[in-house]
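J.: The lines below spell out each chain.
Protein chains: 2
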Amino acid sequence: MGEFSFIEWIRKRQKRRKDVVLGIGDDCAVIDVSSDKLTLITTDMLVDGTHFDLKKCTVREAGRKAIACSISDIAAMGCQATVAVISICFPEHTTEKFARELYRGIWDISDKYNIRIVGGDIISGHGPFCINVTLLGRDDGLKPIRRSGARAGDAILVTGMLGGSILGRHLSFEPRLKEGLALNKNFTIHAMIDISDGLTADLNHILEESCVGAIIYEDQIPVSHAAMELSKKTGHTPLYHALSDGEDFELLMTLSKAQAKKVLSSDLLTDVKVSCIGEIVKGRGIQIKSSCGNIHRTKPRGYEHLKS
Amino acid sequence: MGEFSFIEWIRKRQKRRKDVVLGIGDDCAVIDVSSDKLTLITTDMLVDGTHFDLKKCTVREAGRKAIACSISDIAAMGCQATVAVISICFPEHTTEKFARELYRGIWDISDKYNIRIVGGDIISGHGPFCINVTLLGRDDGLKPIRRSGARAGDAILVTGMLGGSILGRHLSFEPRLKEGLALNKNFTIHAMIDISDGLTADLNHILEESCVGAIIYEDQIPVSHAAMELSKKTGHTPLYHALSDGEDFELLMTLSKAQAKKVLSSDLLTDVKVSCIGEIVKGRGIQIKSSCGNIHRTKPRGYEHLKS
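Chains as they are written, first to last, in this note's numbering: chain A, 23 to 330; chain B, 23 to 330.
No wet-lab data here; the hints were simulated from the structure.
Treat the hints with care, as some may be off.
Put simply, identical chains are the same to the list, so a pair is met inside one copy or across any two.
As a list, the in silico DMTMM-like pairs of lysine to aspartate or glutamate whose alpha-carbon atoms are at most 25 Å apart [said to hold, decoys possible]: (1) K165 / D41; (2) K200 / D54; (3) K78 / E114; (4) K165 / D54; (5) K311 / D241; (6) K40 / D54; (7) K134 / E83; (8) K200 / D41; (9) K40 / D133; (10) K34 / E230; (11) K304 / E30.
Please put together the full structure from these sequences, using the hints given.
T.: Written out as structure tokens, the structure reads:
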């Protein structure tokens with residue numbers, strides 16, 4: 023396989039977007055932003071052996087995951103995803119079939135969300151297969167929802183079911199782009215994040231940025247079937263997995279209790295379960311309220327790279 | 023070293039730009055583009071053992087090179103660089119000192135060109151050290167210069183001296199951002215590219231995109247001192263290195279002969295030598311004209327990843 027012939031193959035397959043002035047094939051891509059006020063940008067690097075394992079999954083699944091992770095970041099701001107650039111480091115002796123399968127995985131999801139791949143970089147190296155996606159988004163006239171807006175008295179909502187994503191959903195999850203946009207358009211969300219490090223770890227990001235604390239209702243956590251499956255193997259409780267496991271890629275948000283009530287009774291988010299799992303309080307840190315009413319403090323648990 | 027403490031260290035050191043609405047520390051960065059019409063985007067991945075060798079250079083030099091390569095891409099469009107997101111895969115057991123030295127290299131050049139690092143991703147993996155830079159640019163009211171505008175009759179100009187960059191300049195080169203902007207603002211450039219793959223390989227990109235051919239004047243190629251040094255080791259001629267070596271990161275452009283004369287006599291590009299090295303002709307491919315007037319065809323030579 024040659025770099026240039028592979029790029030040509032990608033280039034020919036590209037879907038059109040009218041705001042892309044210049045796509046693959048020059049020194050830069052050029053996007054028409056004249057109708058936007060804000061551009062969002064997010065970047066994610068995934069490497070074989072850490073974020074997926076090509077001994078256990080297909081490269082098509084890895085490609086899908088790489089871009090889905092970035093879409094989830096735009097979803098967490100309640101905005102629209104637009105174009106992406108993708109860098110890939112192929113191990114030596116990579117076949118053209120492998121490279122094309124990767125792009126099929128990318129297109130599986132970029133087509134669905136009308137995201138165009140406008141450029142990239144393809145290199146070869148001695149290490150494992152590695153992919154980096156940078157995704158741009160636009161505000162669509164909405165205000166991007168930050169992590170820093172949580173207020174004491176807010177309810178805490180989460181989409182979907184949590185925990186055990188390592189059993190498969192970390193590859194097949196659907197980024198909540200549609201839901202993030204619908205929430206931003208129709209309700210007043212104070213703070214939002216996607217769950218990538220783990221529920222308590224990501225909630226803690228909101229709390230630190232907002233200078234507030236939280237109480238979580240133990241019996242309201244939407245524990246997934248996978249968390250229960252996983253608990254049989256690990257000896258941890260299903261709840262432990264729901265609170266700590268990374269890569270759920272669900273949306274975690276805080277908003278006034280009145281707004282939360284409206285979200286929970288709305289028919290705008292019918293494809294996904296939404297749960298109220300706690301409330302924002304003055305102070306710092308996370309407290310867990312058990313079903314019998316006891317409250318104890320907990321430390322945020324989740325994945326951190328480079329942790330020594 | 024912890025991922026979050028390292029990110030906090032980076033975040034505190036950041037310079038301000040008034041168009042950055044939201045920088046490091048949320049799911050996405052947010053850029054105010056309301057005064058722009060166009061956003062440029064380019065991405066480059068560099069991996070230890072391929073693009074630099076940490077046994078022979080410092081990580082500070084590697085960081086500098088990573089962002090300088092992307093700046094060179096924006097320079098090749100004649101536009102202004104603005105903000106970047108940077109993903110890094112550190113090998114396991116990376117020290118905090120190593121990580122900070124990397125960022126010092128990034129800041130060495132981002133500060134100089136007023137580029138703000140607005141986000142990124144930090145991961146750890148089993149492979150070699152790998153870094154990906156995605157850089158955004160703005161049109162500043164100018165038209166981005168493409169590869170596809172070369173016309174028969176154009177002169178071909180190049181900045182700087184060519185060849186032998188592997189001896190050191192591939193790490194220390196100055197991206198021609200100032201020159202690219204000055205050229206776009208003051209002259210009518212038909213096509214432009216930065217030399218990353220090699221003079222003939224990159225010229226060939228312009229020719230293919232523009233559906234034209236070129237004659238190069240052998241005795242007008244600005245052969246660098248490094249190309250001469252390298253030729254003593256390789257047995258190739260210095261000219262061979264000037265025509266074929268990658269990573270010069272100089273600007274290669276085509277423009278009318280009248281405009282070329284103005285560029286060559288202008289005092290806008292005083293910091294860098296500019297040479298007229300040939301002309302664009304009808305047809306296809308590259309011909310080389312020797313000092314005695316003989317003309318022969320040559321194949322573009324340069325670096326291609328994944329070449330089997």
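J.: Give a verdict on every hint.
T.: Verification of the supplied hints:
1. In the homo-oligomer, the alpha carbons of K165 and D41 lie at most 25 Å apart both inside one protomer (21 Å) and across protomers (16 Å), since each shortest distance falls under that limit.
2. Taking the shortest Cα distances, K200 and D54 sit within 25 Å of each other both inside one copy (23 Å) and across copies (23 Å).
3. Taking CA atoms no more than 25 Å apart as the test, K78 paired with E114 passes in both settings, with 20 Å inside one copy and 22 Å between copies.
4. Proximity of K165 and D54 under a CA criterion of 25 Å is satisfied in both settings, with 20 Å inside one chain copy and 12 Å between copies.
5. In this assembly of identical chains, the alpha carbons of K311 and D241 lie at most 25 Å apart only when taken from the same copy (8 Å versus 81 Å across copies).
6. Proximity of K40 to D54 under the C-alpha cut-off of 25 Å is found in both arrangements, the shortest distances being 8 Å within a copy and 21 Å between copies.
7. Taking the closest pair of Cα atoms, K134 and E83 come within 25 Å of each other only inside a single copy of the chain (15 Å); across copies the shortest separation is 41 Å, beyond that limit.
8. Taking identical chains as interchangeable, the C-alpha atoms of K200 and D41 lie at most 25 Å apart only when both belong to the same chain, with a minimum of 20 Å there against 27 Å between chains.
9. Taking the shortest Cα distances, K40 and D133 sit within 25 Å of each other inside one copy (15 Å), while across copies they are farther apart (34 Å).
10. In this assembly of identical chains, K34 and E230 lie within 25 Å of each other by CA distance solely across copies; the values are 15 Å between and 46 Å within a copy.
11. For a Cα distance limit of 25 Å, the shortest separation of K304 from E30 across copies, 24 Å, qualifies, whereas the shortest one inside one copy, 56 Å, does not.
Of the numbered hints given earlier, the model fails none.
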